[in-house]
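*Asks:* From first to last, the protein sequence lines are chains B and P. Just so we're aligned, residue 62 is where the first sequence starts under the numbering used here, counting upward by one. Just so we're aligned, residue 134 is where the second sequence starts under the numbering used here, counting upward by one.
Mixed in with the good hints there might be a few duds.
In silico DSS-like links for lysine-lysine, alpha-carbon gap of 27 Å or less [what the hints assert, rightly or not]:
{"hint": "1", "chain 1": "P", "residue 1": "180", "chain 2": "B", "residue 2": "138"}
{"hint": "2", "chain 1": "B", "residue 1": "137", "chain 2": "P", "residue 2": "201"}
{"hint": "3", "chain 1": "B", "residue 1": "137", "chain 2": "B", "residue 2": "126"}
{"hint": "4", "chain 1": "B", "residue 1": "138", "chain 2": "P", "residue 2": "201"}
{"hint": "5", "chain 1": "B", "residue 1": "138", "chain 2": "B", "residue 2": "126"}
{"hint": "6", "chain 1": "B", "residue 1": "104", "chain 2": "B", "residue 2": "137"}
{"hint": "7", "chain 1": "B", "residue 1": "104", "chain 2": "P", "residue 2": "180"}
{"hint": "8", "chain 1": "P", "residue 1": "201", "chain 2": "P", "residue 2": "180"}
{"hint": "9", "chain 1": "B", "residue 1": "104", "chain 2": "B", "residue 2": "74"}
{"hint": "10", "chain 1": "B", "residue 1": "104", "chain 2": "P", "residue 2": "201"}
{"hint": "11", "chain 1": "B", "residue 1": "74", "chain 2": "B", "residue 2": "126"}
{"hint": "12", "chain 1": "B", "residue 1": "137", "chain 2": "P", "residue 2": "180"}
Keep in mind the hints are simulated off the structure, nothing from the lab.
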Amino acid sequence: DVQLVQSGGGLVKPGGSLRLSCAASGFTFSDYTMNWVRQAPGKGLEWVSSISSSSRYIEYPDSMKGRFTVSRDNAKKSLYLQINSLRTEDTAVYYCARDGGAVAGGAFDIWGHGSLVTVSS
Amino acid sequence: QSAMTQPASLSGSPGQSITISCTGTSNDVGGFNYVSWYQQHPGKAPKLVIFDVSDRPSGVSSRFSGSKSGNTASLTISGLQAEDEADYYCNSYTTSNTVLFGGGTHLTVL
Numbered sequence: 062d063v064q065l066v067q068s069g070g071g072l073v074k075p076g077g078s079l080r081l082s083c084a085a086s087g088f089t090f091s092d093y094t095m096n097w098v099r100q101a102p103g104k105g106l107e108w109v110s111s112i113s114s115s116s117r118y119i120e121y122p123d124s125m126k127g128r129f130t131v132s133r134d135n136a137k138k139s140l141y142l143q144i145n146s147l148r149t150e151d152t153a154v155y156y157c158a159r160d161g162g163a164v165a166g167g168a169f170d171i172w173g174h175g176s177l178v179t180v181s182s
Numbered sequence: 134q135s136a137m138t139q140p141a142s143l144s145g146s147p148g149q150s151i152t153i154s155c156t157g158t159s160n161d162v163g164g165f166n167y168v169s170w171y172q173q174h175p176g177k178a179p180k181l182v183i184f185d186v187s188d189r190p191s192g193v194s195s196r197f198s199g200s201k202s203g204n205t206a207s208l209t210i211s212g213l214q215a216e217d218e219a220d221y222y223c224n225s226y227t228t229s230n231t232v233l234f235g236g237g238t239h240l241t242v243l
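Bound-form chain B, shown alone:
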């Protein structure tokens, strides 16, 4: 089966750090641009980052630049998101997602189950 299995997440104190992981199976991971998307409780979807198949191109929205770092290991078929200096407003479910479009234009066709990150003292 084509799937993304996430790990990491949990309760973190403000100012702390966290690394989320996303393990791919059932498809050639190294062929696809991968993304992170988050959803705060009761709120909408917010795109967090993208990383191209070879890691050559990495993008973030302006609001995420500086504290968020996306990376991947194609040999391990895994995607990662490092978040530093966590703030209460970073509390959200974080999803990894595959961009399945012919051009990586935001067609997220495979999603992980989500990892809840709670930032609280």
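Assemble chain P onto chain B, guided by the hints.
*Replies:* Only chain P this time, still in chain B's reference frame:
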């Protein structure tokens, strides 16, 4: 960049058709044919229902269709069914090489 504009909520009766709009700018929706739509049920991950403005992934019902005019994209669901009750989000590629989501629309099937 601000989220694209979607109506907060819509409702329809079983069998009816509804259309959800997604209004952006020439820097996103209007600039590319890379608009996607997602359905999300409570507590679940989003599901892709339309990509590249009007294409349907394999396995998605033909009751879902997409279109675009200028800076506004639309998702139409025909023959509404109870299981269509969910939140719907659009997204678009942007001139900044980023992805932008709409604010989301809650669809109620009466």
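*Asks:* Now tell me, hint by hint, if it's right for this structure.
*Replies:* Verification of the supplied hints:
1. Our distance criterion of 27 Å between C-alpha atoms is met by residue 180 of chain P and residue 138 of chain B, whose separation comes to about 22 Å.
2. Taking the CA atoms of residue 137 of chain B and residue 201 of chain P, the gap is about 39 Å. The hint is violated against a cut of 27 Å.
3. Simply put, residue 137 of chain B and residue 126 of chain B have alpha-carbon atoms about 26 Å apart, close enough for the 27 Å limit, and the pair holds.
4. As the CA atoms of residue 138 of chain B and residue 201 of chain P are separated by approximately 36 Å, the hinted pair breaks the 27 Å bound.
5. For the hint pairing residue 138 of chain B with residue 126 of chain B, the CA-to-CA distance comes to about 25 Å; that is within 27 Å, so the pair holds.
6. Distance hint between residue 104 of chain B and residue 137 of chain B is unfulfilled; the C-alpha atoms sit about 33 Å from each other, more than 27 Å.
7. A hinted pair counts as satisfied when its Cα atoms are at most 27 Å apart, and residue 104 of chain B with residue 180 of chain P qualifies at roughly 17 Å.
8. Proposed proximity of residue 201 of chain P and residue 180 of chain P is supported: the alpha carbons are some 20 Å apart, at most 27 Å.
9. Restraint check: the Cα-Cα separation between residue 104 of chain B and residue 74 of chain B comes to about 22 Å, which is no more than 27 Å; the hinted pair holds.
10. Among the hinted pairs, residue 104 of chain B with residue 201 of chain P is consistent with the structure: their alpha-carbon atoms are about 25 Å apart, no more than 27 Å.
11. Note on residue 74 of chain B and residue 126 of chain B: the hinted pairing holds, with a Cα-Cα distance of about 21 Å set against a maximum of 27 Å.
12. Taking the CA atoms of residue 137 of chain B and residue 180 of chain P, the gap is near 26 Å; set against the 27 Å cutoff, the hint holds.
Hints 2, 4 and 6 from the earlier list are contradicted by this structure; the remaining hints agree with it.
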